[in-house]
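If you read the sequences in order, they're chains A and B. For the first sequence, counting from 1, position 427 maps to 426 in numbering that gives the first Met the number 0; every step adds exactly one. For the second sequence, counting from 1, position 497 maps to 496 in numbering that gives the first Met the number 0; every step adds exactly one.
Check the hints yourself; a few may be wrong.
[Claimed, not checked] Simulated restraints, written as ranges between beta carbons of each label pair: (1) A:LYS573 / B:PRO543: 25 to 33 Å; (2) A:LEU590 / B:LYS233: 34 to 42 Å; (3) B:ARG472 / A:GLU576: 22 to 30 Å; (4) B:LYS467 / A:LYS592: 36 to 44 Å; (5) A:LEU590 / B:GLU272: 41 to 49 Å.
[Unchecked claim] Some chain A residues judged to face chain B by a derived CB distance under 8 Å, without partners named: (6) VAL360; (7) PRO507; (8) GLY511; (9) ASN558; (10) VAL562; (11) TYR580.
Honestly, the hints are just simulated from the structure, not real lab data. The structure presented is a predicted model; accordingly, all values stated were derived computationally and were not measured. Every residue gets a Cβ at the ideal spot worked out from N, C-alpha and C, and that includes glycine.
2 protein chains.
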Amino acid sequence: MSKCVVVDTTKSPWARLRPVPVNAVKLRDSFWGNRIEVLRKVTIPTQYEELEGTGRIENFRKVARGDKDIIWRIADDSDVYKWVEAAAFTLAYEYDSNIERMLEEVVDAISSAQDEDGYLFTYYAYDKRSRWKDLIRMHELYCAGHLFQAAIAYYRATGRDKLLNTAIRLADHIADVFGPDGQSGAPGHPEIEMALVEMYRQTGREKYLELARFFLDQRGKGLLGGDIVLIDHKPFRELDSMVGHAVRAIYLCCGATDIYLETGDESLYNTLERLWRSMMKRMYITGGVGSRYHGEAFGEDYELPNVRAYAETCAAVANVMWNWRMLMVTAEARFTDVIETVIYNGALSGISLDGRHYFYVNPLADRGRHSRQEWFRCACCPPNIARLLASLPGYFYSTSSKGIWIHLYASSTSTIELNGRIVELTQETKYPWEGRVKLKVNPEKTDTFSLFIRIPEWCEEVKIIVEKKEFKRKVLPGSYLKIERDWHYGDTIEVLMSMKPTLIVSHPHVLGNTDRVAIKRGPIVYCLEHIDNPDFDVWDIVIPPDIQLKEEFRSELLNGIVVVRGRAFVIDSKRWENRLYLPLKNMPLELRKVEFRAIPYYAWANREPGPMIVWLRSIVPKNNP
Amino acid sequence: MSKCVVVDTTKSPWARLRPVPVNAVKLRDSFWGNRIEVLRKVTIPTQYEELEGTGRIENFRKVARGDKDIIWRIADDSDVYKWVEAAAFTLAYEYDSNIERMLEEVVDAISSAQDEDGYLFTYYAYDKRSRWKDLIRMHELYCAGHLFQAAIAYYRATGRDKLLNTAIRLADHIADVFGPDGQSGAPGHPEIEMALVEMYRQTGREKYLELARFFLDQRGKGLLGGDIVLIDHKPFRELDSMVGHAVRAIYLCCGATDIYLETGDESLYNTLERLWRSMMKRMYITGGVGSRYHGEAFGEDYELPNVRAYAETCAAVANVMWNWRMLMVTAEARFTDVIETVIYNGALSGISLDGRHYFYVNPLADRGRHSRQEWFRCACCPPNIARLLASLPGYFYSTSSKGIWIHLYASSTSTIELNGRIVELTQETKYPWEGRVKLKVNPEKTDTFSLFIRIPEWCEEVKIIVEKKEFKRKVLPGSYLKIERDWHYGDTIEVLMSMKPTLIVSHPHVLGNTDRVAIKRGPIVYCLEHIDNPDFDVWDIVIPPDIQLKEEFRSELLNGIVVVRGRAFVIDSKRWENRLYLPLKNMPLELRKVEFRAIPYYAWANREPGPMIVWLRSIVPKNNP
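Modelling step: build the complete structure from the supplied sequences, incorporating the hints.
Here's what the structure looks like:
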């Protein structure tokens with residue numbers, strides 16, 4: 000079995016966890032299993048068509064044959080690379096001759112466009128003098144990073160080294176150009192840092208790791224104009240909050256974490272820990288980040304507008320990637336909690352149920368104006384969500400010398416290598432709709448090791464039954480529960496997580512969420528959409544804090560979801576007519592009783608357009624004056 | 000007496016109101032009187048120094064002597080022009096030899112830079128081939144418009160025609176270049192439209208009016224790339240909401256209103272009415288508009304973030320300018336209500352009490368990070384707020400054939416020409432701190448005419464006493480009360496407007512203001528600033544809806560203000576520690592009683608930095624479930 004892992008920390012000296020490959024996990028559930036099937040059957044092929052239809056793949060072929068009629072857009076190459084990465088993971092997970100054929104076609108096109116000196120960036124194919132000059136605007140290094148990731152994934156999925164050799168030639172070229180003895184400069188859009196570290200892991204060539212470190216250390220010297228949006232206002236180690244373009248900032252943190260995993264540079268980890276804590280004050284309940292349209296950037300602490308949430312799909316994807324690396328460093332469940340939040344909410348909202356429509360921006364309230372698109376002129380998000388979903392099986396487990404770490408839950412059968420032996424691990428569960436998970440452990444032969452079972456932070460009550468005996472140690476939400484024993488073939492563990500709809504409130508300084516509640520059930524954030532609540536404007540709902548919420552699985556609705564229902568009130572905002580401000584005493588406030596239905600946030604905008612809202616007006620609790 | 004009017008509707012066929020010059024009104028109050036004195040003594044001279052210090056004035060001199068070492072910024076000329084306009088109004092209002100000398104110096108510099116063909120824009124002084132090519136980005140037409148306004152104000156203030164002749168030469172040049180028989184194109188930044196109409200009013204040359212109409216009608220044809228931010232996505236008459244860059248959109252509406260005033264084109268007025276109603280759903284309680292940083296643009300209806308309010312000072316100034324023109328068309332008090340709201344709040348916040356520090360952006364809540372600056376690289380706001388304040392005496396009154404219209408209140412003595420006769424009108428009042436206004440009417444000789452007394456929209460109770468007899472007709476807030484009689488020298492009217500601190504709420508779809516109240520007293524919007532409330536975080540306050548608000552005039556504080564005090568509660572947001580989201584049942588909610596002090600919003604950030612907030616958390620009224 001070849002090992003198609005997402006981040007190869009197998010030999011990383013500062014990693015506590017080692018990867019389990021994408022192809023070691025077979026998802027058999029209707030939630031992720033279905034998503035990945037749609038990905039293979041619909042998303043990967045339709046994205047391929049878009050990439051061809053918009054000339055992005057043809058650009059490479061044109062360069063190969065000297066045709067100068069290129070379509071000039073600075074990030075187009077990267078869209079193709081991200082698709083290759085997604086397709087490679089998909090192929091590793093389940094063989095598909097159609098995807099294999101498309102991949103070969105695209106890999107050939109890419110490789111054919113490489114210059115003799117290793118340079119590869121279609122935009123400057125015919126303009127040698129402009130290369131590596133405008134690192135602020137030009138996405139040369141960014142595209143190179145995505146090529147490296149694509150090449151590694153393709154190699155790990157297929158064993159074919161054609162694209163990897165292309166990547167190596169480009170990496171060597173970049174290493175020749177940049178460095179302490181060469182050109183200075185930092186990429187305007189980070190990405191290459193983590194890709195170079197993975198190239199180092201894949202090839203063992205230390206110069207790639209050194210180059211990654213070089214690029215990281217070039218920041219904050221004004222080479223990018225000192226721009227805060229480009230995270231050039233300070234050296235990386237002096238950053239004290241998450242600022243700037245969200246995708247760039249998080250990709251940079253991914254690279255820094257990867258460098259830490261290989262070098263153990265404590266000053267890097269301290270910075271990362273600080274930045275992560277900062278980000279935890281700038282993250283939507285959905286796990287979306289980067290609240291500002293302006294600069295696609297992080298806002299200040301608690302700056303989390305709902306209608307004008309930017310929360311780019313790419314930033315959510317990046318959020319998963321960074322938290323995964325922090326998890327590899329620490330084996331701490333707080334990072335997995337973020338990963339789970341993002342994959343079920345802020346990232347998943349970026350792709351439609353039919354697998355061919357995408358959100359770039361992910362608002363938390365809307366009047367029905369946002370709708371998913373088939374493609375974007377700046378098409379970073381569609382292949383990014385595709386590569387996250389395609390690699391998701393690789394996020395389910397890790398190993399350490401002590402045992403197996405269970406991060407995520409879904410019905411599945413996995414084949415995990417632990418200290419040279421194989422352990423088959425199956426999950427039976429209706430997660431995320433139910434909190435009961437039945438694990439079956441089938442070691443090759445009876446063996447002593449630990450299972451580290453993640454207890455999600457949302458889970459306030461949990462019962463663990465090991466071989467029909469309740470496990471008596473205190474179990475903390477937001478932690479890994481260690482169960483060490485002799486494991487025999489067929490041993491079972493039941494994890495019973497109580498999963499109830501819960502009203503969530505925000506820190507008081509999230510001014511837009513004052514006296515508002517969100518409904519969360521397990522890892523899933525809910526919203527109200529007009530189509531399920533046609534008798535009132537969902538923006539007008541008032542949820543009493545003592546509401547009794549009911550839940551109901553509806554298999555026919557939105558590919559099968561648990562709907563949350565309840566009795567609440569609505570004001571009638573129409574009674575305000577054209578007035579924007581009124582004296583409090585003149586405010587129209589008659590309330591009407593209604594029954595409402597809430598659906599998972601990720602599933603909104605899959606039917607007809609209409610108002611949607613996550614944070615619902617509430618009344619203040621009784622202990623107020 | 001020369002007539003230095005702001006907008007000369009004296010002969011405009013579709014104007015219901017005619018202007019009263021800036022120099023006909025002498026403000027003797029401590030509010031505006033003091034502001035205008037600071038303007039003359041501090042603001043105008045220090046802005047002159049900034050304009051010299053940053054090379055903006057020198058640019059013109061450099062062009063005159065062929066020095067090519069220009070400082071290249073596309074809007075720099077306009078900053079100088081706006082200053083000239085402000086200085087001219089200031090000089091008209093009260094003679095000041097220092098300002099006169101500066102003005103002559105600057106006017107000489109500007110005029111000397113004009114090209115032989117009339118062209119005048121320092122940026123392209125040496126680049127004839129680039130002129131009038133890039134109307135999207137280049138501010139040639141915008142700067143020309145500001146020159147016209149400056150030249151007219153200078154002429155009206157001094158009778159000197161040097162700058163007016165420069166303006167005429169430039170206007171003629173533009174009329175030669177553009178038009179049905181010439182080049183097509185619309186200005187990327189509207190401004191010239193209203194300036195051309197004023198040039199028409201000043202010179203009588205119809206081609207300027209035609210050119211203004213031409214520029215307006217060029218929009219929506221894709222000449223500006225169809226960009227919604229540039230208001231080029233639709234023809235003007237098809238616009239159905241206020242969108243795009245706020246200053247540009249409102250300046251465009253100013254121009255369209257001016258064109259209507261001269262032409263009576265009903266389709267224009269219908270559009271303006273529709274856009275004004277749209278803007279009334281997109282305006283802060285302060286009168287600030289343009290809520291988005293992104294594109295400095297209008298948001299959707301009810302999109303009014305508080306911390307991330309953009310609400311550019313220039314947009315507030317523009318808002319006054321447009322509403323003034325709409326008032327000239329209609330004589331309807333709803334426009335004056337907006338003017339009053341803006342001048343006392345969202346515009347006035349743009350300049351410090353010391354008259355030399357400015358806000359570009361005017362947030363309604365802040366953590367203490369925003370502070371007024373002495374100048375900006377893009378320095379549109381400082382001279383814009385200066386020209387508004389300098390011209391403010393011209394906004395106090397209008398006339399019609401029926402009588403005198405009183406728009407604003409302040410202790411003052413004015414000399415108003417009505418149907419060829421002089422009426423002296425004095426106001427005695429402590430407005431905006433008290434609602435009692437004593438008017439004295441001194442006609443040249445006994446005469447029959449009407450006084451139209453504005454009853455502000457905020458005023459729920461009003462008593463009018465004419466010559467010691469109560470006026471018995473029903474008085475509606477937000478209207479002009481007509482009092483027609485024979486007026487004798489020394490007749491008095493007392494207007495007694497009840498002025499109490501009031502809690503205001505927002506339309507429910509302003510999601511960020513849910514269960515929040517603002518304190519308003521008369522025309523003044525209040526805020527809480529940390530320095531007055533050092534014992535708690537002002538963001539944590541909870542105002543009970545039945546609060547008793549107390550008021551107290553404090554002459555020593557912030558140049559004299561009414562402070563509003565009350566007893567309220569605070570939550571302790573620190574108890575949330577690093578947590579951003581919590582289940583409702585775990586929310587820390589102990590309340591502590593506090594006494595708070597609120598100050599006028601316009602006066603914030605004049606002392607030490609700290610948190611500030613306008614919309615205060617409240618609890619919902621008792622008629623909630």
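Numbers of unmet hints, in rising order: 4, 5, 6, 9, 10
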